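> Protein chains in written order, with my numbering: chain Y, 1 to 131; chain X, 1 to 400; chain E, 1 to 184.
Just so you know, these hints were derived from the structure itself, not from any lab.
There could be a bad hint or two in this list.
Chain X regions said to be covered by chain Y (calculated; three or more residues, Cβ under 8 Å) [claimed, not checked]: (1) 93-106; (2) 197-205; (3) 312-322.
In silico PhoX-like pairs for lysine-lysine, Cα to Cα no more than 25 Å straight-line [to be verified]: (4) X:223 <-> Y:25; (5) E:30 <-> X:245; (6) E:159 <-> X:283; (7) X:253 <-> X:313; (8) X:223 <-> X:245; (9) E:113 <-> X:283; (10) X:206 <-> X:196; (11) Y:25 <-> X:395; (12) X:304 <-> X:283; (13) E:113 <-> E:63; (14) X:283 <-> E:30; (15) X:395 <-> X:384; (16) X:223 <-> Y:8.
Since the structure is predicted, the reported quantities are computational estimates derived from the model, not experimental observations.
Just so it is clear, CB atoms sit at the ideal spot from N, CA and C, and this is done for glycine as well.
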Amino acid sequence: MTEEHLLKGWEEFEPGATLFSFEGKPDQEVHHENNSVQHSVADWRVDKPVHNKEFCIDCQFCWVYCPDTSIIPDVDDKGKGIFGHIDYKHCKGCGICVDVCPTNPKSLLMFADHLPVEEALRQWPEKEEKK
Amino acid sequence: MEQNRIVWDGNMAASQAMRQAKIDVVAAYPITPSTPIVQNYSQFVADGDVDGEFVMVESEHSAMSACVGAASAGGRVATATSSQGYALMIEVLYQASGMRLPIVLNAVNRALAAPLNIHGDHSDMYLGRDAGWINMVANNPQEVYDLNLCAFKIAEDYSVRLPVAVNQDGFLVSHTTEALNYLPDDEAYKFIGDYKPHNPMLDPEKPVTYGAQTEGEWHYEHKMRHEHAMYNSFGVIEKVLAEYKELSGREYKFVETYQVDDAEEIIICMGSVAGTTQLAVDKLRAEGKKVGLVSVRLWRPFPKEELAKYLGKTKTITVLDRSAPLGSTGALYNEVAAVMVDNGYNAVLLNYVYGLGGRDMTIDHLTEIFNSAKECSDAGKRVKPLIQTINLRGKELSFY
Amino acid sequence: MLELRWHSRAGQGAVTGVKALCDVMAHEGKHVQGFSVYGAEKRGAPMNAFNRVDENPIIDHSKAMKPDYVLVIDPSLVYTDIHYDIKETTKYIITTHLSKEELLEAVPAFAGKEIYLVDCIKISQEEIGRAMPNTPMLGALMKVSGLFEIDDFAGSMEKLLYKFPQKIIDGNVKAIKRAYAEVK
Ligand code: SF4
Ligand code: SF4
C-alpha cells in the first residue's frame, strides 16, 4: 500500500514529475521522503537470502549483482572489501545473489522468510561432490 | 527602440533569434524545409558568433532526446524540424512537456508522407496538437523572429515552464525573403533575460530524478498540474506579448482580426494564408461586401474566450484547415464549432480543406470561398456542403 | 506593386538574384518579397523564382502573379512555355546570344511582346569567370526598368557582396554595368 502522506494533491507536486534524493545537502544523508531508501519492500519477499560466513570468500559477486543494493559491503582491518550484511528492509527476495555465489557449498541460500537465521545456518548443506 | 532593417527569410529569422537568445545547446537533425535554421546556427557556432553547443545527432528522435537531456541538465535549448522529422520526434515531445522543460522548437510546417512532399501544410502541426506544448503560429519572417524571442521568455517563466513550438509555413514563410526589423543583440537578450535553471540535473548538491514513473496514484495529478500550467500560460503569454510590443512596437494577439466588427462572412484560418485572405477581404469590402478575417495565432492553449468575442454576430463562418482530416471535419473547424456551441452562437459553419502539400491558395480562391458562404447567409441556412475543397483537380469533391 | 518572375535552371543563381534585388530594394525603404518554387529537382532543372516590391507591406503569400517583368537567365528556356499569367504590359528580359530577328524567327511566340535581349552568360563568363547570369541580369533590369541609377545600384551590390573576394566583387560590378550598357 502507498503510504498516505505521499498522496498529495496535484498542486503540491514539483513541476515535471521531479523527485529529490535528499533533504538538504547529500553529505548530510537526510533522505527525502521520495527516496527509495525510505520505502521497505520486505513484504514482497517469500524467501529470504541467508549468509554463511564460514564458506564466504568475499568475492563481492553478490554485491555487484543485487538489483536492489541490498548486499551491504564492509571493510576488514586491512582495508579490504568484504561481505558485510544483508539489508532486509530493501531485499525483495529475488535470489540473484544466491545464483551468482561461486562457493561450494554456497555462502548465500534462500530460506523461508519466517525461519530464524540461526535455524537456517543449522540446516546448511554439505559440500557437493563433483560427479 | 532603434531597430535594424534587414532582408531575411523565415528560416534565417528563426536562426537569428536563436543566436540572440544565447542558447546553451542546439541538438538537431536537418530536414527540409527547416534545414537552414540549424545550418545557419551551426555556421554561427563555427564562426564563433555564439558559444553554445551544436550537437549533430542521428535522428529527430535523438535530437529531441538530446534537447530533453540538455534542458533537464539546466540549459537553454532549442531546435527545429519539419514533417517526418516532427513525426519521429513526437514521442519525445510528450516527454519534454511532461518533464516541463522550456525547450523552443521551430516547427517549419510541411506535409506528412505518403505520398512524399516537401511543401507546406499543417499536418505536422496538427499531429503535435495534444503533445502538451504551447503552439504559436507565425505568418511571415518578421513574426517568426518576434515570436521566437517571446517563445523563450514564455517557456521559461516559472509559472509556465512548458516547451513552446513556433510554427511557420514551409517555403511560404521559411524560404520567402522579406524585409523585417530586428532588435539590437543586447536588447533582444535583455528582453529574454538570463536563463534561470530550476532543479537542474547537473547539480551534485541536489540530486533529482526527472519524469519519474507515476502509476495510478499519481499520474492524474501530475497531468493536471501540466494542464493547469497550460491554462496559466494565457496570462503569461499576454504579459510577454505586451512587453514585446512596448519594446518593439509590434503587437501580437491570441487571435488576429481584420474587418470583423460588422462582418457577415468570416474566414478563420492559421498561417501565411491569413495575409492573402486579408487582401481578399479588401477586394470584397471595396465591392461593399461585409466580410472579415480571424487568424488564430495561439493554437495551444486554444484561446476559446478570445475567439468567442468575434463570432457572436456573424452569419457564416468558414474555417480553413490546411491538413486532411481523413474522416472528420478539420481540427481548427472542431475548435471553432466548440466555441460556437459553448456560447450558444448560431452562424452557419463551413469547412474547407485546402493547400495540401503546398497547393496554392490565391486571392481569387478566397474570394470564391467568401462568395460561396454568402449564398448560405442569403438563404439563412447551410446550402453548401459542410466540408469542401478548393483548387483541387478532378470532379468536385465535398462531404456532408 | 512591382512583380517579377525569373525563369532559370536550378544552380544558376536565380534565388540569389531574387534575394539581392530584395536586399537593395529593402535598403531603399521598399517592402519586398522574394520566393521560388522549389521541387525536388536536381541542378539544371528549370525553376521559377519571384520578386514582389511595393510601398506597403506585402501580405500576399500565394504564388499567383501577373509579372511586370519576366527575366530569363538561361538561353534555352525561351523554347519552353514562359508566357503564362502575363499581361499586355509585361516586359521580357532574355539572356541570349541571338539577335531580336533570330529569336523571333526561332520562337514565334515572342511576336508582339516587348522583349529586351542581353547575353548574361557571355558577360558573366568574361567578367566573373564563370556562367553566373544572375547579377548581370539585374544590371539589365535596372536599364529597362529605370528603378535605380546604375552607379547607385552597382554600389549597393558591391556592399551586398562584401563577404566575397575582391576579384569576384569587381567582376560582378563590371558584369552588372556591362549588361546595363549592352541590353537592347
Ligand atoms: S535476494 Fe535479491 S534483493 Fe535480496 S539480497 Fe539477494 S539479490 Fe538482493
Ligand atoms: S558471492 Fe558468495 S562468496 Fe562472494 S561475497 Fe557474496 S556470499 Fe561471499
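> Next step is simple, just say for each hint if it's right about the structure.
To see whether the hints hold, each was checked on the structure:
1. A stretch counts as covered by a chain when three or more of its residues have a beta carbon under 8 Å from one of that chain; for the segment 93-106 of chain X and chain Y the count is 4, and the coverage holds.
2. Look at the segment 197-205 of chain X against chain Y: 4 of its residues bring a Cβ nearer than 8 Å to a Cβ of that chain, three or more, so the hint holds.
3. Note: the segment 312-322 of chain X has 0 residues with beta-carbon separation from chain Y under 8 Å; the three-residue rule is not met and the coverage is violated.
4. About 29 Å separates the Cα atoms of residue 223 (chain X) and residue 25 (chain Y), which puts this hinted pair outside 25 Å; it is violated.
5. Pair hint residue 30 (chain E) plus residue 245 (chain X) holds up; C-alpha atoms about 23 Å apart against a cutoff of 25 Å.
6. Proximity of residue 159 (chain E) to residue 283 (chain X) is assessed by CA-CA distance (about 40 Å); at most 25 Å being required, the pair is judged violated.
7. Distance check on the hinted pair: residue 253 (chain X) and residue 313 (chain X) sit about 21 Å apart at the alpha-carbon level, within 25 Å; holds.
8. Straight-line distance between C-alpha atoms of residue 223 (chain X) and residue 245 (chain X) comes to about 33 Å, which puts the hinted pair past the 25 Å bound.
9. Simply put, residue 113 (chain E) and residue 283 (chain X) have alpha-carbon atoms about 30 Å apart, too far for the 25 Å limit, and the pair is violated.
10. In summary, the hint linking residue 206 (chain X) to residue 196 (chain X) is supported, as the alpha carbons are separated by about 16 Å, within the 25 Å threshold.
11. Pair hint residue 25 (chain Y) plus residue 395 (chain X) does not hold up; C-alpha atoms about 72 Å apart against a cutoff of 25 Å.
12. Distance hint between residue 304 (chain X) and residue 283 (chain X) is unfulfilled; the C-alpha atoms sit about 29 Å from each other, more than 25 Å.
13. Between residue 113 (chain E) and residue 63 (chain E) the CA atoms are separated by roughly 23 Å; this keeps the pair inside 25 Å, and the hint holds.
14. A hinted pair counts as satisfied when its Cα atoms are at most 25 Å apart, and residue 283 (chain X) with residue 30 (chain E) qualifies at roughly 23 Å.
15. As the CA atoms of residue 395 (chain X) and residue 384 (chain X) are separated by approximately 16 Å, the hinted pair is consistent with the 25 Å bound.
16. As the CA atoms of residue 223 (chain X) and residue 8 (chain Y) are separated by approximately 13 Å, the hinted pair is consistent with the 25 Å bound.
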